[in-house]
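With chain A fixed as given, assemble chain B with the ligands onto it according to the hints.
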Amino acid sequence: MDSAKHLHGRTEIRADYLDKVTGEAKFASDIVVPGMLHGRILRSTLPHARILAIDTSAALAMPGVVAVLTGADLAGINAHWGLYLRDRPVIAIDRVRYVGEPVAAVAAVDEFTAEEALDAIQVDYESLPFVTDAEEAMAPGAPILHEDMNKLKDFYFKGETKAVPGTNIFQHYQYENGDVDKAFAGAHRVFEDSFTFPMVFHYAMEPHVVVADFREDSIALWSCAQSPTAVQKVLSQLFEIPLAKIRVVTPFVGGGFGGKASVKIDPLVAALSRKAARPVRVCLSITESMLTCRRLSAHVNLKTAVSEQGELLAKSVRVVMNGGAYADTGPAVAIKSAIRAIGPYRIPNLRLESMAVYTNTVPGAAFRSIGGPQAVWATESQMDMIAEALHIDPVAFRLANMLDKGGLVRPDLRPLDVDMPEMLKSALRLMDAEAGSNARARGVAVAATDPGVLPVGGAIVRLKADASVLVLANTVEIGQGTHGVLRSVAARALSQPIERISVPAPDTDVSPYDWGTGASRSSVVIGLAVEEACADIARQVRELAADLYGGEPEAFLLADGGVVGPNGMVSIRELLHALNGVDSGEFIGIGRITPRSKQGAFARAPLFWETAVGVGEIEVDVDTGEVRLERYVSAADVGHVLNRKAAEGQDEGAAVQGLGHSLYEELVYEDGQPINASMIDYHVPAMDEAPHQFVTLLVESGDGPGPEGARGMGEGGILPVAPVIANALARRYGARIRDLPMTPEKVWRALNDAKKKGGK
Amino acid sequence: MKTGIPTLDIAFVLNGVRVSATVEPRELLIDVLREKFELSGTKRSCDIGVCGACTVLIDGLPASSCSMIAADVDGREVLTIEGLGTPQGLDPIQQAFVAHGALQCGFCTPGMVLAVKGLLALNASPTEDEIRHFLRGNLCRCTGYVKIIEAVVDLAQRKHLG
Ligand code: FES
Ligand code: FES
Numbered sequence: 001m002d003s004a005k006h007l008h009g010r011t012e013i014r015a016d017y018l019d020k021v022t023g024e025a026k027f028a029s030d031i032v033v034p035g036m037l038h039g040r041i042l043r044s045t046l047p048h049a050r051i052l053a054i055d056t057s058a059a060l061a062m063p064g065v066v067a068v069l070t071g072a073d074l075a076g077i078n079a080h081w082g083l084y085l086r087d088r089p090v091i092a093i094d095r096v097r098y099v100g101e102p103v104a105a106v107a108a109v110d111e112f113t114a115e116e117a118l119d120a121i122q123v124d125y126e127s128l129p130f131v132t133d134a135e136e137a138m139a140p141g142a143p144i145l146h147e148d149m150n151k152l153k154d155f156y157f158k159g160e161t162k163a164v165p166g167t168n169i170f171q172h173y174q175y176e177n178g179d180v181d182k183a184f185a186g187a188h189r190v191f192e193d194s195f196t197f198p199m200v201f202h203y204a205m206e207p208h209v210v211v212a213d214f215r216e217d218s219i220a221l222w223s224c225a226q227s228p229t230a231v232q233k234v235l236s237q238l239f240e241i242p243l244a245k246i247r248v249v250t251p252f253v254g255g256g257f258g259g260k261a262s263v264k265i266d267p268l269v270a271a272l273s274r275k276a277a278r279p280v281r282v283c284l285s286i287t288e289s290m291l292t293c294r295r296l297s298a299h300v301n302l303k304t305a306v307s308e309q310g311e312l313l314a315k316s317v318r319v320v321m322n323g324g325a326y327a328d329t330g331p332a333v334a335i336k337s338a339i340r341a342i343g344p345y346r347i348p349n350l351r352l353e354s355m356a357v358y359t360n361t362v363p364g365a366a367f368r369s370i371g372g373p374q375a376v377w378a379t380e381s382q383m384d385m386i387a388e389a390l391h392i393d394p395v396a397f398r399l400a401n402m403l404d405k406g407g408l409v410r411p412d413l414r415p416l417d418v419d420m421p422e423m424l425k426s427a428l429r430l431m432d433a434e435a436g437s438n439a440r441a442r443g444v445a446v447a448a449t450d451p452g453v454l455p456v457g458g459a460i461v462r463l464k465a466d467a468s469v470l471v472l473a474n475t476v477e478i479g480q481g482t483h484g485v486l487r488s489v490a491a492r493a494l495s496q497p498i499e500r501i502s503v504p505a506p507d508t509d510v511s512p513y514d515w516g517t518g519a520s521r522s523s524v525v526i527g528l529a530v531e532e533a534c535a536d537i538a539r540q541v542r543e544l545a546a547d548l549y550g551g552e553p554e555a556f557l558l559a560d561g562g563v564v565g566p567n568g569m570v571s572i573r574e575l576l577h578a579l580n581g582v583d584s585g586e587f588i589g590i591g592r593i594t595p596r597s598k599q600g601a602f603a604r605a606p607l608f609w610e611t612a613v614g615v616g617e618i619e620v621d622v623d624t625g626e627v628r629l630e631r632y633v634s635a636a637d638v639g640h641v642l643n644r645k646a647a648e649g650q651d652e653g654a655a656v657q658g659l660g661h662s663l664y665e666e667l668v669y670e671d672g673q674p675i676n677a678s679m680i681d682y683h684v685p686a687m688d689e690a691p692h693q694f695v696t697l698l699v700e701s702g703d704g705p706g707p708e709g710a711r712g713m714g715e716g717g718i719l720p721v722a723p724v725i726a727n728a729l730a731r732r733y734g735a736r737i738r739d740l741p742m743t744p745e746k747v748w749r750a751l752n753d754a755k756k757k758g759g760k
Numbered sequence: 761m762k763t764g765i766p767t768l769d770i771a772f773v774l775n776g777v778r779v780s781a782t783v784e785p786r787e788l789l790i791d792v793l794r795e796k797f798e799l800s801g802t803k804r805s806c807d808i809g810v811c812g813a814c815t816v817l818i819d820g821l822p823a824s825s826c827s828m829i830a831a832d833v834d835g836r837e838v839l840t841i842e843g844l845g846t847p848q849g850l851d852p853i854q855q856a857f858v859a860h861g862a863l864q865c866g867f868c869t870p871g872m873v874l875a876v877k878g879l880l881a882l883n884a885s886p887t888e889d890e891i892r893h894f895l896r897g898n899l900c901r902c903t904g905y906v907k908i909i910e911a912v913v914d915l916a917q918r919k920h921l922g
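From first to last, the protein sequence lines stand for chains A and B.
Heads up, the first sequence is in this note's numbering, so the first residue is 1 and it goes up one at a time.
Heads up, the second sequence is in this note's numbering, so the first residue is 761 and it goes up one at a time.
In case anyone wonders, no lab produced these hints; they're calculated from the structure.
Ideal Cβ placement from N, Cα and C applies to all residues, glycine included.
Any given hint could turn out to be false.
Derived pair list, reagent style DSBU-like, types lysine-lysine, alpha-carbon separation capped at 30 Å [unchecked claim]:
(1) B:K796 with A:K275
(2) A:K756 with A:K746
(3) A:K303 with A:K756
(4) A:K151 with A:K245
(5) A:K26 with B:K796
(6) A:K425 with A:K405
Computed, partial: chain B to chain A, Cβ under 7 Å [unchecked claim]:
(7) G764
(8) T767
(9) F797
(10) D807
(11) F867
(12) R896
Looking at chain A on its own, in the form it has when it is part of the complex:
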């Protein structure tokens, strides 16, 4: 058994790699459904306006145009949907709330025709006052985007949002522990600083794409959705079609990063198919994807009290997030940003407040570590600022205040399950080894985040007569390698070679409910479900073998191709032959994970902590203000490495994404218009900007909740990058930047200011 363990389930090569390098992999945008039409979307050109009239007659008269959908077509269905608030119409009804909001959609025989038809649609608007800045949207007299707050409870995330009716505030989160005011009053020093974090576009390289086939009493979709069951639920409520009649298939998805989580364009494409009475494909352009969702920008204010010895005494966090025109999962993002601003530190008195606010901008959405980069940017910058003011080494200052493993970030949350001080020290040692003595400007940052994981999901595993195995799960392969992980989990649990294990594309018609792919959860939650389903099969096989051949079930062990008992090996086929009378059939195992799993241990949040340490060295061109990250060490305790290359790759990718919002990326609004919403004007990191040296340190403490002690990963790496760079700049040049991204202009000005100050 043990040797089998080592033989199987260790293959590093992911099955999807072969299909992907050869171009054979079918992505969501490659799906062709017979008879399908092509849809294009007409979008609002105004940030806030009343729609007075839409004239679609000229478009409809064009040859090849089959249908045009507008808000008027939504009469008779529940036209609004959402995850926390039912605030978003399937397509604009009488009013638009941001530039880019879908106003009309055309289905035609090809994309050219659909595109041309858009030009023929006439929309009369009456402009309304608009607001694109979150603070302004909270000010008295600001235009109100949503007069009603139609809240949902326990719909997608647990709980409900605390919206403030009559304002634009759709989430107001508050938490308090200890006596914060008293601690501030008695402290040696209190530091108050503000930081800003921009709107950032996901830029998953494949744009949003859905093919919908709406029939009289059923809907089939081939979607890029990261959360197929959320799509199913929303569509079911909109169109009043039973869940069992809604099928969502998710082929390979060309990147997600949260931008395809929850629900995005599926309701609109389904409605267009309903109108056209034909299958319709809508594949957005990347520019349209930029007008579909983005990370919530944030203004973070921190007030931190310290003792003379440099002990953190109290902290007050206030985050104001720009949530855009529709709430989406913004309420969860706001909660997480407040919690993630705490850091892995002992802080006896804590006050957290966060708000998410409607504005006339692209709807905010989940993005890799929701609320995390915004919070960690502020907290880890301020940690260095405090250390500097107290003349303490920033690493020593962090270590002195850092929680040990088992310490409480917050009394109501699961204790920190990672040895952060050791991780920080290891990362520093590694950097010293890499960099040698010629230290450049160096910065450090750490993070501890509580993944918003709902431990709810299932898997079905089928062991066939020829000992091939089918693993059915709704985990979407967005590049993170989760299908490879599920294969290796099944291979190990059933002692079968990995080559015989297949994981087909998620299909809600055949695979069990899964909450959604995101928040670093799939390997843990669905990995465990697969393990459980395999254990179910093993039990059935061993009981049957004992029944047929005598002895105790324990005397039989699964082995390559069959089961080994006291009298040698019996193949799965022979076993089924003896059972069924013909030599065919299968064993079916079911695995379910719920908050009650592991004797209820899963009920406590978070399921695990996702932590990160970043140590980086930068190079600065002082004449131009251009910064590059030269060397970077990224550390994470992943519990157990399920696939090393995939895990390292996740970490590297996360960090370079972080480099994007650190140095380059920001969606800019002027006069209500997003002025750089195209890949010509919006720059993401290119190959020559990636660090010259990148080391990933994967700590394996073996005590995570997942298979073999694994912990979720893939998000943490994005967190420390921006404060690492800012701290390096400040430490070496005295230039402190509080607003991202750190563009050459900002850096150049900060360098000049520092020089002037230094000169005085």
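Using the frame of chain A, we list chain B with the ligands on its own:
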């Protein structure tokens, strides 16, 4: 609808095979490849020539098929990812990508692999800086480039040794 629009007959070599097609003057190479020839390995992302996802080789040199008029390949040689290797018979570049785990979602991969092919044809043993510079027009949002660079450096060193 293709009414009243003049068309052109073109002939070119596609993945080693002589082919012909009737195209409209406005038709882009990427659409002809994906739709007429059903070669969906060529991916569309930015659609404006900045990301490299749609890279194909034309007479051995990388080109963005999203920004190229199909009629312009008349008489030329086009290589798409489908012409490079199969899961059973990978090209050395594809092998290196697999061995180094130089991909995740895989959407940038066909274009990236072909760009590497173009690079190595011009320069069999590029330095790491040359690699980074040549491939800067091929974006990848998943990998952070680290393992892609490793894979290409590995290839370059092998070529160098060989
Ligand atoms: S899709 Fe052609 S360069 Fe981006
Ligand atoms: S692997 Fe996803 S974009 Fe490169």
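Hints that the structure is at odds with (numbers, increasing): 7, 8, 9
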